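One line per chain: the protein sequences are A and B, in this order. Start counting the first sequence at 517; every next residue gets the next number (our numbering). Start counting the second sequence at 517; every next residue gets the next number (our numbering).
These are computed hints drawn from the structure, not numbers from a lab. Just so we're clear, the structure is a prediction, and the values are computed from it rather than from any experiment. Careful: at least some of the hints might be erroneous.
To be verified - Here chain B is said to cover these stretches of chain A; the calculated rule only asks that three of the stretch's residues, wherever they fall, bring their Cβ under 8 Å from a Cβ of chain B:
(1) 559–565
(2) 640–651
(3) 684–694
(4) 801–809
(5) 812–820
Claimed, not checked - Derived SDA-like pairs: lysine to any residue, alpha-carbon spacing no greater than 20 Å straight-line:
(6) B:Lys839 <-> A:His601
(7) A:Lys788 <-> A:Glu841
(8) B:Lys643 <-> A:Asn602
(9) B:Lys597 <-> A:Gln703
(10) B:Lys839 <-> A:Pro843
(11) B:Lys605 <-> A:Lys752
(12) A:Lys752 <-> A:Pro843
(13) B:Lys839 <-> A:Gly661
(14) A:Lys788 <-> B:Lys643
(15) B:Lys839 <-> A:Leu842
Even for Gly, the Cβ is constructed at its ideal location relative to N, Cα and C.
There are 2 protein chains.
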Amino acid sequence: MKIYVLLFSFLLACSPNPKKKKNTAYSLPVKTPTPKDNLLTPEKIHLGKLLFFDPRLSGSNWISCASCHNPALGWVDGLPKGIGHNFTKLDRNTPTILNSAFNFLQFWDGRAKSLEEQALGPITSEKEMNQNMEELLLELKNIAGYRSLFDKAFSGEGIKKETIAKAIASYERTIVSKTSAFDRWMQGEENAVSDAAKKGFAVFNGKAKCVICHSGFNFTDNGFHNIGVSTIAEDKGRHAIVPIKVTKGAFKTPTLRDVTRTAPYMHDGSLKTLEEVVEHYNVGGVVKENLSPNMPPALNLTDTEKSNLVAFLRTLTEEQPEKVELPILPQ
Amino acid sequence: MKIYVLLFSFLLACSPNPKKKKNTAYSLPVKTPTPKDNLLTPEKIHLGKLLFFDPRLSGSNWISCASCHNPALGWVDGLPKGIGHNFTKLDRNTPTILNSAFNFLQFWDGRAKSLEEQALGPITSEKEMNQNMEELLLELKNIAGYRSLFDKAFSGEGIKKETIAKAIASYERTIVSKTSAFDRWMQGEENAVSDAAKKGFAVFNGKAKCVICHSGFNFTDNGFHNIGVSTIAEDKGRHAIVPIKVTKGAFKTPTLRDVTRTAPYMHDGSLKTLEEVVEHYNVGGVVKENLSPNMPPALNLTDTEKSNLVAFLRTLTEEQPEKVELPILPQ
């Protein structure tokens, strides 16, 4: 008898069951990549969170990282372009912190090679947080709470720009996607997403060719492409960093995770809705100047294909975003 | 036998035991005063919290109530004077939200009679959040999440300035002091505060006369006094609202609860530390112009009395401030 039960179980396990097939190509990573010289510790994460929410990191003592990368708004500010010190209108749309841990390069133009390098950029930028690093170090050293937190996180290293950067980067490495309806679908829950979304995923991978750049679990190739949003004269993009022809007007492919939370879209925040984004690609881009070889020409999508595509994109938002408790900052 | 045990217990209960005597004069209220036309409900509190943290309440969509009343910094901004729209430097120090539910009047000059009336002030002030109320109403009505939240909180009333004000006021009524070391001392825990703090409390009530204005559980008489911080020409204070002689240069007595978290001090944020505040009173005020009859002349405190006074003030900060979880704002 027992052998039959075993045999039956074996056959059941092997039998093709399309409703339960898992697709692991899109599985969220279990571990976040972490540089060898800045391994994650609870102490660094805790300190990094305090720094992330501390407006005293800015020259005005009024702007924190969270002022623009606002967890209440999906780690962005919801504005077309960011606002910085003295209400300066910044040049580009604020990118989300979510999954920035997985980016190969940071910023829209990839000018920072790590989160550590990125973290100090906005703090010291005159247009953004307008902080003088020497003054910041003095300020932090004057706060007893921070002295002891840096001691715990970076024994013997002290308060310096490198440890500030390492702490903030450590906190940012904890800000990663949680399960979305799409993920549940990929895990075999057939009813996790609508039929429209399923058809939209087919359009995404097929006729619309989105997958060429928006690939993998984080829906990005981590590359830089000119997709015809603005002119090169307006913003050179990656070309300012790597001056070759193909980078002219090219910007980093952003993640599509939580995309419903990060409107408005594109490096210049010029598109308000996902519908507008789909239409942008549908017409093959607006500014046809040095377009990326990856950028497909006009797609001629039907209205249904467009709305299905949007329905799919809407499944990529995590269903229960991590709840963020505001820290009590040391005085 | 039993009767003796009972008698003994009775005598024990009656016996004077200074170490366990409770002083209820400073007990935190169990209930927060709430107007009859805006009774507290979980739905209003929830909605009010979202609005409090939502930068879309400002004209720039970048400043929320929490930008200046920052829970991470004790519901203030830590600046001498607030910063508003376009980085405008405001005229006065940002008051804490903590225990504002107990204020008889709101703002430094008491120009608002309720939290409801107060809430709309900074939103529509050009210098602060610079919002046009009509535009805000349209904006909120366009957000499906808010439509349903207003429906739940204010059935049939809709999204209007009155319901916005009521919701925010409801949330603010939940931001009240939790237990401090001082409270534990008053409850009979003799070791809850240091001897220096105990002596400081005696100075507070005696030689320094602080208690004349900073009275009761919230350490305020809810009155308005000129304590000689700045000239009347610089800021008329309460006189702009009630133009009588005694209000010239008079400002509301602030709570001393959580006072270690609300530096810098005074209506103009001109004093950086509690030591400076004590010294201000010790010399009988700096600007001796229309001083309040309540303002004591020079106190001639000894150094020990001064440091004891500060030690006492430090016991008024809640030991475990309420942890604030950032809301996920509707898109």
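Hey, lysine 839 (chain B) versus histidine 601 (chain A), does the alpha-carbon distance stay inside 20 Å?
-> Violated. Lysine 839 (chain B) to histidine 601 (chain A) sits at ~29 Å, over the 20 Å cutoff.
Holds or violated: are the alpha carbons of lysine 788 (chain A) and lysine 643 (chain B) at most 20 Å from each other?
-> violated, 28 Å
Within 8 Å of chain B's CB atoms, at least three CB atoms from the stretch 559–565 of chain A: coverage verdict | violated (count 0)
With a cut-off of 20 Å on the C-alpha distance, tell me whether lysine 597 (chain B) and glutamine 703 (chain A) pass.
-> Roughly 53 Å between the alpha carbons, so the hint for lysine 597 (chain B) and glutamine 703 (chain A) is violated.
Is the hinted pair lysine 752 (chain A) and proline 843 (chain A) satisfied, with a Cα-Cα distance of at most 20 Å?
-> With Cα atoms ~39 Å apart, lysine 752 (chain A) and proline 843 (chain A) exceed 20 Å; violated.
Straight-line Cα separation of lysine 643 (chain B) and asparagine 602 (chain A) no greater than 20 Å?
-> holds, 13 Å
Decide if the proposed pair is consistent with the structure: lysine 839 (chain B) and leucine 842 (chain A), CA atoms, cutoff 20 Å inclusive.
-> Roughly 7 Å separates the two Cα atoms, so the pair holds.
Take the C-alpha atoms of lysine 605 (chain B) and lysine 752 (chain A), compute the straight-line distance between them, and say whether it is at most 20 Å.
-> violated, 35 Å
Is lysine 839 (chain B) within 20 Å of glycine 661 (chain A), Cα to Cα?
-> Roughly 18 Å between the alpha carbons, so the hint for lysine 839 (chain B) and glycine 661 (chain A) holds.
Quickly compare the C-alpha distance for lysine 839 (chain B) and proline 843 (chain A) to 20 Å and report which way the hint goes.
-> holds, 8 Å
Mind taking a look at whether chain B covers the stretch 801–809 of chain A? Criterion is 3 or more residues with CB to CB distance under 8 Å.
-> violated (count 0)
Going straight from one Cα to the other, do lysine 788 (chain A) and glutamate 841 (chain A) come out at no more than 20 Å?
-> violated, 29 Å
The structure does not agree with the numbered hints 1, 2, 3, 4, 5, 6, 7, 9, 11, 12, 14 stated previously, though it agrees with the rest.
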